[in-house]
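Chemist: As given, the protein sequences belong to chains A and B, one line each in that order. Residue 150 in our numbering sits at position 150 of the first sequence, with consecutive numbering throughout. Residue 88 in our numbering sits at position 88 of the second sequence, with consecutive numbering throughout.
Calculated from the structure, these hints are not laboratory results. Keep in mind the model is a prediction, meaning the values are calculated, not measured. Glycine included, C-beta positions come from ideal geometry on N, C-alpha and C. Treat the hints with care, as some may be off.
[As the list claims (entries may be wrong)] Chain A stretches covered by chain B per the calculated footprint, using a threshold of three residues with CB under 8 Å from any CB of chain B:
id	segment
1	92-104
2	127-140
3	244-255
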Amino acid sequence: MSQTRQSADDQRLAAERELFERLHDADASDAERSAVRDELIETHMPLVHHLARRYADRGEPIEDVTQVATIGLIQAIDKFDPELGSAFSTYAVPTILGAIRRHFRDATWSVKVPRRVQELRGKIDAAHDALAQELGRSPTVTEIAARADVDPADVLDSLELSRARSTAPIDATSDSEVPLADTLGDLDASLTNIENAETIKRLLATLSEQEPTVVTLRFFDGRTQTQIAERVGVSQMQVSRILTRSLEKLRAGLAAG
Amino acid sequence: MAIARTVAAAMAARADLTLDQIEDVRLAMDEGLAYIIEVAPDESMVTCELCVADGVVSATLASTVTSPTVAEPNPFAWTVLTALVGDVDLRVDDGSIRLQWNVARDASVQA
Numbered sequence: 001m002s003q004t005r006q007s008a009d010d011q012r013l014a015a016e017r018e019l020f021e022r023l024h025d026a027d028a029s030d031a032e033r034s035a036v037r038d039e040l041i042e043t044h045m046p047l048v049h050h051l052a053r054r055y056a057d058r059g060e061p062i063e064d065v066t067q068v069a070t071i072g073l074i075q076a077i078d079k080f081d082p083e084l085g086s087a088f089s090t091y092a093v094p095t096i097l098g099a100i101r102r103h104f105r106d107a108t109w110s111v112k113v114p115r116r117v118q119e120l121r122g123k124i125d126a127a128h129d130a131l132a133q134e135l136g137r138s139p140t141v142t143e144i145a146a147r148a149d150v151d152p153a154d155v156l157d158s159l160e161l162s163r164a165r166s167t168a169p170i171d172a173t174s175d176s177e178v179p180l181a182d183t184l185g186d187l188d189a190s191l192t193n194i195e196n197a198e199t200i201k202r203l204l205a206t207l208s209e210q211e212p213t214v215v216t217l218r219f220f221d222g223r224t225q226t227q228i229a230e231r232v233g234v235s236q237m238q239v240s241r242i243l244t245r246s247l248e249k250l251r252a253g254l255a256a257g
Numbered sequence: 001m002a003i004a005r006t007v008a009a010a011m012a013a014r015a016d017l018t019l020d021q022i023e024d025v026r027l028a029m030d031e032g033l034a035y036i037i038e039v040a041p042d043e044s045m046v047t048c049e050l051c052v053a054d055g056v057v058s059a060t061l062a063s064t065v066t067s068p069t070v071a072e073p074n075p076f077a078w079t080v081l082t083a084l085v086g087d088v089d090l091r092v093d094d095g096s097i098r099l100q101w102n103v104a105r106d107a108s109v110q111a
């Protein structure tokens, strides 16, 4: 390590030490301590952003990752004991990373994976959690494989897979390719029209006397009520009544399926 | 870089490091390579050597450099690297830059 970096580091460490001493100063007021705590949080935010960016391509919004990382930093500041002599960053980095990794472990999987892989992951997760509790540290691949009674290679595969959780947008394009969305079939809207037409035809047949004629002239031929009245030989008032009655019947028929 | 990360993680798993340590190795690889690639001149070769022995994974990332003064690593990258892995050592001499670090198996793991 170079001379300049060494002395810059020493200065930074000394300043940091002083802040933590003030944070734990029994004589300081709550307001003073709170101000020191804020300063510690703010000076370490670039570290939080740096770590969060390392997890930027894993399918979780960077804002969410930054948020859990910040909570990790605050926990580290509250729990750090400067008396133990180590630098704060040595304690903070694993704490922040722990928060980020927990977030990824708990986040739901947006990729649909085969049942076998899902079950395997369930077994491995259970073994991982139990071992972490018992050992008081993160377990190894061999330990997980032995506990879950699976092949160590499967544990490794599952770990790799659980990193590949992100989904690409369906309309994302690479240079030469047609967007995936454009290559997928869709339900043809005219299929619904056919269904409707068949249903209406069936329902029209249930109408009596002039009703089918009036409905057809009004809605399929687009005639006005007056035109229909002339054609069928009734008053416009009667046409209006026939239409209202017919539509009620049709609606009831549609609702009944 | 993705390949280097994955290979390093697989070797760390083989060395019986814990899952958290495997993640640390992956991240240290990321930080280290990002730095070396940044300071390495265009068209130069970046090498990445990984060694597993007695439960210790050691990495050596290296490249040639054209100038004896090389840009310092980003302080956050350095902080993260030194917090994650042990014996971090950066050397620039004879037209080459070399970054080394290692991670040792947890003492409580039965080999």
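Chemist: At a Cβ distance under 8 Å, does chain B reach at least three residues of the segment 127-140 of chain A?
Modeler: holds (count 6)
Chemist: Tell me if chain B covers the segment 92-104 of chain A under the three-residue, 8 Å CB rule, please?
Modeler: holds (count 6)
Chemist: According to a criterion of three or more residues whose C-beta lies within less than 8 Å of a C-beta of chain B, is the segment 244-255 of chain A covered?
Modeler: violated (count 0)
In terms of the numbered hints stated before, the structure departs from hint 3 and from no other.
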